[in-house]
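Could you put together the complete structure from these sequences and hints?
Protein chains in written order, with my numbering: chain A, 1 to 337; chain B, 1 to 283; chain C, 1 to 450.
Hints are all accurate, no fakes.
Simulated restraints, written as ranges between beta carbons of each label pair: (1) C:28 / A:276: 55 to 61 Å; (2) A:312 / B:59: 37 to 43 Å; (3) B:175 / A:114: 26 to 32 Å; (4) B:212 / A:68: 44 to 50 Å; (5) A:323 / C:260: 18 to 24 Å.
The list that follows gives simulated cross-link-like pairs (lysine-lysine, DSSO-like), each with its CA atoms no further than 30 Å apart: (6) B:210 / C:50; (7) A:276 / C:399; (8) B:218 / C:46; (9) C:31 / B:212.
Derived by calculation from the structure, the hints in this document are not laboratory data.
Note that the structure is a prediction, hence the values are computed from the model and not measured.
Glycine included, each C-beta is placed from N, C-alpha and C at the ideal position.
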Amino acid sequence: MGKLIVSLSPHAHGTDSVEKNMFGVVIALIPAILVSFFYFGLGSVVVLLSSVAFCMFFEWAITKYMLKREPTLTDGSAIVTGLLLGMNLPSNLPVWIVIIGALVAIGVAKMTFGGLGNNPFNPALVGRCILLVSFPAQMTSWPMAGQLTSYLDARTGATPLAIMKQAIKSGDASILDKLPPATQLLLGSNPTLGLGTIGEVCALALLLGLGYLLWKKIITWHIPLSIIATVFVFSGLLHFVNPVYANPLSEILSGGLMLGAIFMATDYVTSPMTHKGQLIYGIAIGFLTVVIRNWGSYPEGMSFAILIMNAFTPIINLSTKPKRFGEVVKKLINKGN
Amino acid sequence: MNFILTSVIALGAIALISSVVLYLVSKKFAVNEDPRIGTVSELLPGANCGGCGFAGCSGMACALVAGADNGSIEGLRCPVGGGEVMEKIADTLGMAASSSEPLVAVVRCNGTCDNRPRIAEYDGLHTCAAVNSTSAGETECGYGCLGCGDCVGVCQFDAIHMNPETCLPEVDEEKCTSCGACVKACPRNIIELRKKGPDGHRVYVQCVNKDKGAVAKKACSVACIGCGKCEKVCQSDAITIENNLSYIDFNKCSVCTKCVDECPTGAIVKINFTIKKEAEVEA
Amino acid sequence: MRLHTFKIGGVHPEENKITAEIETRNAALPKVAIFPLGQHIGAPAKPVVKRGDVVKVGTLIAEAGGFVSAPIYSSVSGTVAKIDTSIDATGYRKPVIIINVEGDEWEDGIDRSEKIESIAEHPELTPENISDTIKKSGITGMGGAGFPTFIKLCPPPTAKAECVIINGVECEPYITSDYRLMMEHAEEVIVGLQLLMKATKVERGYIGIEENKPEAIKLLTQLTADDSRIEIVELAQKYPQGGEKQLVDAVMNRQVPAPPAIPVNVGAIVQNVGTAYAVYQAVMKHKPLFERYTTVTGKQVKNPGNYLVRMGTTFAELIRACGGMPEGDNKVLAGGPMMGKSVMSLDVPVTKGTNSITILSGDDAHRKAMQPCIRCGKCVEVCPMGLEPYLLATLSANKLYERMENEGATSCMSCGSCQFTCPSHRPILDNILQGKGVVMGMIKARNVKK
Numbered sequence: 001m002g003k004l005i006v007s008l009s010p011h012a013h014g015t016d017s018v019e020k021n022m023f024g025v026v027i028a029l030i031p032a033i034l035v036s037f038f039y040f041g042l043g044s045v046v047v048l049l050s051s052v053a054f055c056m057f058f059e060w061a062i063t064k065y066m067l068k069r070e071p072t073l074t075d076g077s078a079i080v081t082g083l084l085l086g087m088n089l090p091s092n093l094p095v096w097i098v099i100i101g102a103l104v105a106i107g108v109a110k111m112t113f114g115g116l117g118n119n120p121f122n123p124a125l126v127g128r129c130i131l132l133v134s135f136p137a138q139m140t141s142w143p144m145a146g147q148l149t150s151y152l153d154a155r156t157g158a159t160p161l162a163i164m165k166q167a168i169k170s171g172d173a174s175i176l177d178k179l180p181p182a183t184q185l186l187l188g189s190n191p192t193l194g195l196g197t198i199g200e201v202c203a204l205a206l207l208l209g210l211g212y213l214l215w216k217k218i219i220t221w222h223i224p225l226s227i228i229a230t231v232f233v234f235s236g237l238l239h240f241v242n243p244v245y246a247n248p249l250s251e252i253l254s255g256g257l258m259l260g261a262i263f264m265a266t267d268y269v270t271s272p273m274t275h276k277g278q279l280i281y282g283i284a285i286g287f288l289t290v291v292i293r294n295w296g297s298y299p300e301g302m303s304f305a306i307l308i309m310n311a312f313t314p315i316i317n318l319s320t321k322p323k324r325f326g327e328v329v330k331k332l333i334n335k336g337n
Numbered sequence: 001m002n003f004i005l006t007s008v009i010a011l012g013a014i015a016l017i018s019s020v021v022l023y024l025v026s027k028k029f030a031v032n033e034d035p036r037i038g039t040v041s042e043l044l045p046g047a048n049c050g051g052c053g054f055a056g057c058s059g060m061a062c063a064l065v066a067g068a069d070n071g072s073i074e075g076l077r078c079p080v081g082g083g084e085v086m087e088k089i090a091d092t093l094g095m096a097a098s099s100s101e102p103l104v105a106v107v108r109c110n111g112t113c114d115n116r117p118r119i120a121e122y123d124g125l126h127t128c129a130a131v132n133s134t135s136a137g138e139t140e141c142g143y144g145c146l147g148c149g150d151c152v153g154v155c156q157f158d159a160i161h162m163n164p165e166t167c168l169p170e171v172d173e174e175k176c177t178s179c180g181a182c183v184k185a186c187p188r189n190i191i192e193l194r195k196k197g198p199d200g201h202r203v204y205v206q207c208v209n210k211d212k213g214a215v216a217k218k219a220c221s222v223a224c225i226g227c228g229k230c231e232k233v234c235q236s237d238a239i240t241i242e243n244n245l246s247y248i249d250f251n252k253c254s255v256c257t258k259c260v261d262e263c264p265t266g267a268i269v270k271i272n273f274t275i276k277k278e279a280e281v282e283a
Numbered sequence: 001m002r003l004h005t006f007k008i009g010g011v012h013p014e015e016n017k018i019t020a021e022i023e024t025r026n027a028a029l030p031k032v033a034i035f036p037l038g039q040h041i042g043a044p045a046k047p048v049v050k051r052g053d054v055v056k057v058g059t060l061i062a063e064a065g066g067f068v069s070a071p072i073y074s075s076v077s078g079t080v081a082k083i084d085t086s087i088d089a090t091g092y093r094k095p096v097i098i099i100n101v102e103g104d105e106w107e108d109g110i111d112r113s114e115k116i117e118s119i120a121e122h123p124e125l126t127p128e129n130i131s132d133t134i135k136k137s138g139i140t141g142m143g144g145a146g147f148p149t150f151i152k153l154c155p156p157p158t159a160k161a162e163c164v165i166i167n168g169v170e171c172e173p174y175i176t177s178d179y180r181l182m183m184e185h186a187e188e189v190i191v192g193l194q195l196l197m198k199a200t201k202v203e204r205g206y207i208g209i210e211e212n213k214p215e216a217i218k219l220l221t222q223l224t225a226d227d228s229r230i231e232i233v234e235l236a237q238k239y240p241q242g243g244e245k246q247l248v249d250a251v252m253n254r255q256v257p258a259p260p261a262i263p264v265n266v267g268a269i270v271q272n273v274g275t276a277y278a279v280y281q282a283v284m285k286h287k288p289l290f291e292r293y294t295t296v297t298g299k300q301v302k303n304p305g306n307y308l309v310r311m312g313t314t315f316a317e318l319i320r321a322c323g324g325m326p327e328g329d330n331k332v333l334a335g336g337p338m339m340g341k342s343v344m345s346l347d348v349p350v351t352k353g354t355n356s357i358t359i360l361s362g363d364d365a366h367r368k369a370m371q372p373c374i375r376c377g378k379c380v381e382v383c384p385m386g387l388e389p390y391l392l393a394t395l396s397a398n399k400l401y402e403r404m405e406n407e408g409a410t411s412c413m414s415c416g417s418c419q420f421t422c423p424s425h426r427p428i429l430d431n432i433l434q435g436k437g438v439v440m441g442m443i444k445a446r447n448v449k450k
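Below is the structure:
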């Protein structure tokens, strides 16, 4: 006869697992990945593949040889970091820069803190920001759409965010007329502009991914909605006061906002644990993004805003508690006394 | 060139002013500490293990100096430093050293996988504290070692290790400093600090099972069944039987080993005897 | 119409109500009956028999050991073999009375007829003598908790009872004993509720039933049509709806504050449906508590079913009657998979709170490997008490017990929703229970000092 197993309750478990959540994110990224192949062709394939491959390699090597533990690549988190890092890079980035990015993202931002679950900052964003600061020229050249077979030699152009920045710097609101209409921003299909990083061009594909993530209960609406709504409202206020600031619809459809709000800010490890905390986090990120975009020296502020708020996540966790069962009644009883 | 000169002068001036301020502050706000505390601290091993009963070596140093002022440092002993260190400290303070015998940690359970059959498999948080509070363990003995190694985890001196074959912890006599951390960590009070004994010879009951004899024996073949034969044969009046369990008082025991021979189950063991008929030795 | 439910958290484990439509049968009489003296909350009972005494079914064998305690009655006739210690669900040995079973002779006072007595036929009943009968009959909470019932019926002076809520929820997977009780003895359960309402002098009674038991809801609604004081409340299926605080929240829309508050502080007295049935039998049939409905179930059990079991029967005997233990590794639970206790030996007896013997086999018997906490926050989302399980578990592992108390550890009801949900299969509840034990000890020590 077999053994009698003994343990504390519960003795049943739901169907959720780390793998389900990680591969769910990968599936949610598929529409955006396919769109990127369509727009950027070879460049996108090379950058995404090399990012994923090297993130996985570095995690395996560091875990096995430096930490001397069993590598856990099968949990899918290295793949997700690799994909998200790649989605944050322009498609004409040389592979050696991608490798450095992967090393920073996995080695510095994730493994030095102890691996999965222990990193205070979003690894893909740390990788991206270090690359941005170290290789500003290569990281800010944006290929135009449709050059399917070109990689390093793609023609580049300014992005919508660069146009918005120019308008603010020069104080000339008419520059904003160069912005494509909202539908083109949604689909990312403007032929004369540089589009942006691999993942951020087509807001529609990203929104499809959001739908999938919400349906499978991988994330909740709190962070994406609070970020997008805050950016919309704040930039709307600014636009109303001074038309040199772009209209709010263009703001939320341009740049890394959708990618950041849906995939980067919602990273489990670096975002707050309670719904109240997540709303505060999202509102602060939205606010910071608009501030950096309009008054900072970079045209895009999303990555920095998220990293700054990652630093505040522990304090947000400490100060936002979920509503305790019976709290209201207790307060009433205490008041009565 | 001008700006190099101005930078050097400016930074040099800041450095000079800061160092003067720091010096003055360190003098004004200096904590007046008895210099003996510092000297004694130097003599102590610095492991901050808490074995002396104080929070750290500095706590022990303060206690020693206070004791010296009161006339005696009897009762204060650093188990890690041992007699050598205590003598040096006593010399420094101009006191007589406290005298006490060296102790060692002893694991009073011999419920190996062979002696004590496993009837269930525990699947959950693997710490002795967790298992103890929720179940008797994996065997029928609700008093015996659980094998999850809480004791191993707290030892700062690498003196206790889990033997994978017997699933019991084993104490390295040479390294054990009798600081008592493992004693506190064991939720079942299986580990005890006992005298090392003359030439390391010691005798003890390797069981803490308080169930009735038949029940204890069914759970483990080397359990103490509380039969009392050891008590009858002891010439030093060192053995007491309480709650179906025999206990040897190490202060009275003369290490004659008669009880070891009398015990029907082999629960009483003798350690470090080089004559043949040696019981399981703790290595 | 939106169904009533509790407002915070909750999970949806698989139902697995394999035995729902199997009619209850009488379990065979055991050969030996084991009665643990500490099978209820409070002081253990004190034996009033000794070795060699002859007892009948319904004979008092142990009296209450204090105020918070309950007497124990023999469920079998035979001779007392010994008063000894025996293994309980945790594997530790606890004091028990062991009786060798001979025949099936019952005490004379017990009414074994099928007639259903109604309150109208018994005008002599007063709240005091109902409570007294409940106390003397040894009735304790039959949902598993084992709290002496008569104490719940006399609320502290600061609280006023407004209603009695009967817990027919049975939210745990696999268990169907309460459901079968409601289907087969609905009238008696209703009279039991009326007796409880009389004993606590309240004018409202509710029976809460989850929506996955439509037949029971229909039957009880029909039978209570003529008593306007009683309402059958259909509840959304969500675990842990059967927790008494969650039940009060769903039925009355009031949340009981953190301990030391109890449901009666918001006006509710909650009793399990099995307890209501036991109350009926004690008051109307003069039958003390010695048998109960128990489900024996499991995916690989050959003949699962619902049984009327004499308490003291060992798990081994019942499992043998259901086709024996399945092959391979198994986990045998006293209770359901969410809150049940896994037993170390099958020689454990059925007690007043054993509502089910669930056998998990194969993969279900083992936990999955643990991974690091990915800080997903799902445990916080599902906690029905609004706590932060990941935080309590980490505080416990780091021995920060004071902070654990401040974070509400005493409110934790050990429902297991957090560990059920955790994608990393972490032993969250294991850690919380460790720390909760220490915190309760600290609170006790503090109160003693006061």
